[in-house]
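A.B. asks: Read off the chains here:
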Amino acid sequence: MSVETTPADSPAPEFERQTMEVDIACAGFGPAMGGFLTTLTREWSEHPEDPAFESKVAPGMPLQVLCYERADDIAAGVSGVVTRAQGIRSSFPHLNPAEIPMAVEVKRERVLYLLDPIGASRRSLTLRAADAVLHTAGRLFGLKDHAFELPWTPAFLHKHGGLVLSIGQFNQWVGSQLMATGLVQIWPGTPVSAPIFSEATSKDDPAEEAVLGLRLADQGVDRTGAPAGGFMAGMDVRALLTVVGDGPVGAVGQAIDKRLGLPPGHAHREWALGMKMVIELPPIESDQDSTLEPGTVWHTFGYPEPEIFGFLYVHPERLVSVGIFVPSWMGDPLRTAYRYLQHYIQHPALWRYLKDGTLRSWGAKSLEESGKRGEPFLAGDGFARIGEGSGSTNMLTGSGVDEAWTTGTQLAEAVVELLRAGKPFTRKNLSATYEARRRASWVERGAREAENARNGFHGGPRGSSMVKGMIGMALAGLTGGRFSFQAHIPPPHKQIALRAPSFSRSLRKGWDTSSQTAEGLQLKQAVDLAIADGRPLHDALLTARGWPEIPFDGRLLVTQQDALLIGGKVQAIPGFADHVVFLNKQLCIACVEKTCIAMCSGQALTLGDGGVPAFEREKCVHCGACLWNCAQSPDGEHSNIDFRAGSGGLHSAEN
Amino acid sequence: METILVLTHADETGSALTKASLEAVTAGKELAARLNASLAIGIVAIDATAAASALASTVARLLAVSGEPFAQPRYSTDAAALEALCRAAEASIVLAPASARFARVAAGVAHRLGGFVDTHITAIGGTDGVEATRWFYRQRVEAVLSRDGRPWFLLLDAGTHAAFAGPPAPAQVEQVAVELPALRTTVTGLRAPSQGTQTIRPDAKLLFVAGAGWTKKQSDGQVHAAEAGDLILGFLRTTGASLGSSKSLVDQGGEGQPVLPFLTHLNQIGQTGATPRHARGLSTCCHGEEPHVVGWRFIADRRAINLDPNCGWTRGKADVVYIADAFQVMAKVNSLLEAKKA
Amino acid sequence: MANVLHIVVCAGIVPDPLQTLEPVTGPAGPGLKNEMVLPAVLDPWAASALYEAAALAAKNPGSKLWLVSLGPKAKLQQVMMTVAQKIAFELVPIDGPIGGFPDAHSTAAVLAETIAALPGLDKAKLLLFGGWESATRGAGVTLQLVGERLGIIDQFQGVDQIDLRDDGSFEVLERVEGGKHQVSVCAGTPAVLGWATGNLAEPRNNPQTGMANMRTIMPALQKAKPTTLAPNGLRYVSVALPKQQRTTRVVKDLTPDEIAAELVEWIGAE
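If you read the protein sequences in the order shown, they are chains S, G and U. This note's numbering numbers the first residue of the first sequence as 1 and each following residue consecutively. This note's numbering numbers the first residue of the second sequence as 1001 and each following residue consecutively. This note's numbering numbers the first residue of the third sequence as 2001 and each following residue consecutively.
Isolated chain S, as found in the complex (with noise of 0.2 Å):
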């Protein structure tokens, strides 16, 4: 048996461990572990005498099915979603959204462009052209408050009949109904760090090895993972079947990519911070022209940057979720997130309704935007995978958690099919019964149709990529996937500064002390403050780029630090290790770019000592993005950034 850990300074240290034997454990409560687990423990309540419900490792007990999550609270999820919610509404065919705080039936869809009303936004000759044809012609288009509102949306971008949903509230929902049945067992706060796996059968078919369970992070370790006060090894949770739902950047998701491999032709390419406010709207004012109704749902485009799409949803009681993603393929290796969500909320489009609005909440997170082609090998002897992690999210319609939900369902039914028929978890079976119902759903029809929806993003210059990516997803929307742009996809490090170079020598320059060019001067003046004031790095590099300065207020516009207290309420137990690890040092000090400072969500981190950032873990709100934000990899694929099993994050319900 051996413990898969990503490379690192020195090996994990090995201890006498706990061992624990359940017949399924599970890792990470998100909506595809609800999907899962609300449709076994249903068909069980259902069956309670059902000897396929007995416990194999425990003999003469239930079932044994234990679920573990990192997050401090399984309502501390990070995402305001809209979803179609067809396979949520399938598990809960009479689901009345009055039931679940903050979810509503969507009422309205809008499509906006944004034009630029500051003139900072890094925006192509091209679109500039075009923005000035629609300031000039203005009324003729529609225009209203820098914003022109499509006329027509195609088909597959609308959400009608669907739910705007707090995941925080929905998982909260979820798992309170999962524990009053006290068939299953959720323990929040309890980060898993790696698979249990068995030694290789066969050198020349990795993908035989078989999963044989979880182990759990060690506890009492100082930020190395060295023993200290306190110490505690992580148990092993040996288990019949691993269900992997620990999302995009989970540790043992990671951790089975990394040992299996992905299928051929297959890789995590592609990828979006969402970071969001929850913003609670000022009260009606008699003189106001409009209300944002409950059920309401924006998509925009256009602003802060070419790149950037933006979203607004709103909920019941007043409250709204805005938020932005930042793509990979926005090659900027300045990009930055909460800055620019700053400046997208003060839109006038979205400003008018938003101004005197006051920050409930906030949260960032990764989304894993390859799709079908991020899809790792679904099952294996003894795990099969969920959820976002599990390649599900559909790029084309913007559509994740439904998809999530459903995998969790679709395993369930298998599990339940194995369980009756006496068959063991292995591949084979896995593949037979879950793989099969995946792939004759439509989660697997959409995922296909999505696969090259996006491509027309990746190549060409700023700003026309963003038109060619969202003629090639038209396309593909439109003919159900069968017409899309080719396009070859790099690896995330090679996509930052891909379309940037110039801009990167400028770093170079401004980060050098013998700077010659105007932008770069601009840029080390940026640094300089950064460094002496303790300013963001990412702050001081926006403003130094022509953005107006925050015009903070206390209530909404807040600086990252209070929206980390008072919007995330980050916080992080003592004991555990530093999750974010740098692997190589020298790749550190040499990257010019640093972009895993610019785009870190919660400002965890800084410029440290010699060019090695400094990771602070009370601050991190574990969105991953450092992951994929990192510009040297040591392997020509992945980055130089490990990002592990941690502790803590967002102690807020309302995301």
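None of these hints come from the bench; they were simulated from the model. Treat the hints with care, as some may be off.
Here are the simulated lysine-lysine pairs, BS3-like style, with alpha carbons at most 30 Å apart [as the list claims (entries may be wrong)]:
#  : chain 1 : residue 1 : chain 2 : residue 2
1  : G       : Lys1216   : U       : Lys2252
2  : G       : Lys1205   : U       : Lys2125
3  : U       : Lys2252   : G       : Lys1019
4  : U       : Lys2252   : G       : Lys1217
5  : U       : Lys2125   : U       : Lys2252
6  : U       : Lys2225   : U       : Lys2075
7  : S       : Lys107    : U       : Lys2033
8  : U       : Lys2252   : G       : Lys1205
9  : S       : Lys56     : S       : Lys428
10 : S       : Lys355    : U       : Lys2059
11 : U       : Lys2243   : S       : Lys355
12 : S       : Lys585    : S       : Lys494
13 : U       : Lys2059   : U       : Lys2123
14 : G       : Lys1019   : G       : Lys1217
Please read all numbers here as calculations on a predicted model, not as lab measurements.
Given the coordinates of chain S, work out where chains G and U should sit on it, guided by the hints.
C.D. replies: Here is chains G and U on its own, set in the frame of chain S:
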């Protein structure tokens, strides 16, 4: 018609009343005057003569429980004493300081008398009746409440009223007899925190709060915990200020990080810590977010030193915020203070 | 020689400390906006009591540990998922209202009645633990009231340490004014101890402890008795957030020396 009883107790000397007790006397006099109610004052002391003399000018009815068993705070004896005083006074409203001694027993006494208790009262108001102001959720929500039931015990937070002071005079004191249960608890004394440095000084005019920034890496990339400790202790020595800390700083002990050895959980301000009363407060290396600032609710004049011009203190939570390196400023402050002393 | 103790810890649940709180007044009186939606934690001081109780029980074999908690069943369940991993205890849930605004006397009556009825509890061996104040009501009275109702007249508040001796007596350190501790020796159980922070770190999460606890916690939660709390004549005249916003002078352009001079002047002649 209300009958008001103010409960008081002696300080460590055994004869003089505590400042908090005298503050409750002021509150009692004010309330009695407003309601046109009768006022009695109960004294718990080994010998109540001196205390009674200090209260002579209140013209209130004076009751006392005296004797060796009441020399020291203890639940069983204090509860019996307060119960006897309340019964003797037939009080409907009982005011008492929210001291450690009375906070320990007031609820139990209220229960014995079939009454009710509210604690940490910061103000007593109302037009015709009695309305009490107190804070909920760690000083984050302020409520005004009233009760129909009597007797109603109101424990007043220290510093909410001026201490009563009047010319001492011989006073007539009614000694109240107390029937004591068998004593199972012996008070053996007081103990200061083991670190030797007494840093908590409730009577100090100034509260100095150290935040986690003191033990974080400084601009040279190094942690300067020892220097931070020297600067803080030096400042406390010259100013006699009381030392508070943020939760994150006192919690660091468990994580193997450099910590300030003289800090204990007793120093913590806000969140799960204290909410002290001082005329002035100086915050250093602390971000000034809501959980920190709840402990500052009763600090009148607030200043902060922070590197971040957008820290919480700048947003209406402090009166003055200096954007500067606390290491540099405090080093200079200490040298100026020492020069001034010399 | 070990003493067999019956330790009952009273611990409520409170909003996670960093949550944004806003009071609202409904038909049932004041409450917090979205209180059921906010993540909750075990009341911090009561949590110290629980950890101390566990350590004490572990040192005294044969001892028993109950955790009595009053709150909405769904929220209790959520919080117990974290707490149950840390130490072994028997949960006694009471399905009641959330928050700090209900009357403490009513709360105490329900708690005392529940504790008195605990099967197997020997009152002569009872140590009644809890936080010295809650993070909701913050009154520091409930535990005393429960103690009185149970007829316990050795009570200690703001406790940071207990040292149990072989003869069953124990020394207690209570927080008193001036950052000091009052030291008392009590002849033995029964006694009430309202804890401050104590000296123990939060125990690590142990999945096996969690597994074992859950076998009893889930059935207990399912059987939790719904309870209402009488207002007892308590009336709220107003409940509001503090309005005070200061006019902050932000000083950005002074040197450390200039700031120091200004501060020294401000500190004055103390």
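A.B. asks: For every hint, state whether the structure bears it out.
C.D. replies: Against the structure, the hints come out as follows:
1. G:Lys1216 x U:Lys2252: Answer holds: Lys1216 (chain G) to Lys2252 (chain U) is near 22 Å, not above 30 Å.
2. G:Lys1205 x U:Lys2125: violated, 46 Å
3. U:Lys2252 x G:Lys1019: Outside the cut-off at roughly 41 Å; violated.
4. U:Lys2252 x G:Lys1217: holds, 22 Å
5. U:Lys2125 x U:Lys2252: The given pair, whose Cα atoms are some 62 Å apart, is violated under the 30 Å limit.
6. U:Lys2225 x U:Lys2075: Within the cut-off at roughly 15 Å; holds.
7. S:Lys107 x U:Lys2033: holds, 26 Å
8. U:Lys2252 x G:Lys1205: The hint holds at about 26 Å.
9. S:Lys56 x S:Lys428: holds, 20 Å
10. S:Lys355 x U:Lys2059: violated, 59 Å
11. U:Lys2243 x S:Lys355: Holds: Lys2243 (chain U) and Lys355 (chain S) sit about 21 Å apart, inside 30 Å.
12. S:Lys585 x S:Lys494: holds, 19 Å
13. U:Lys2059 x U:Lys2123: holds, 20 Å
14. G:Lys1019 x G:Lys1217: Outside the cut-off at roughly 43 Å; violated.
The structure fails to meet hints 2, 3, 5, 10 and 14 from the earlier list, while all remaining hints are met.
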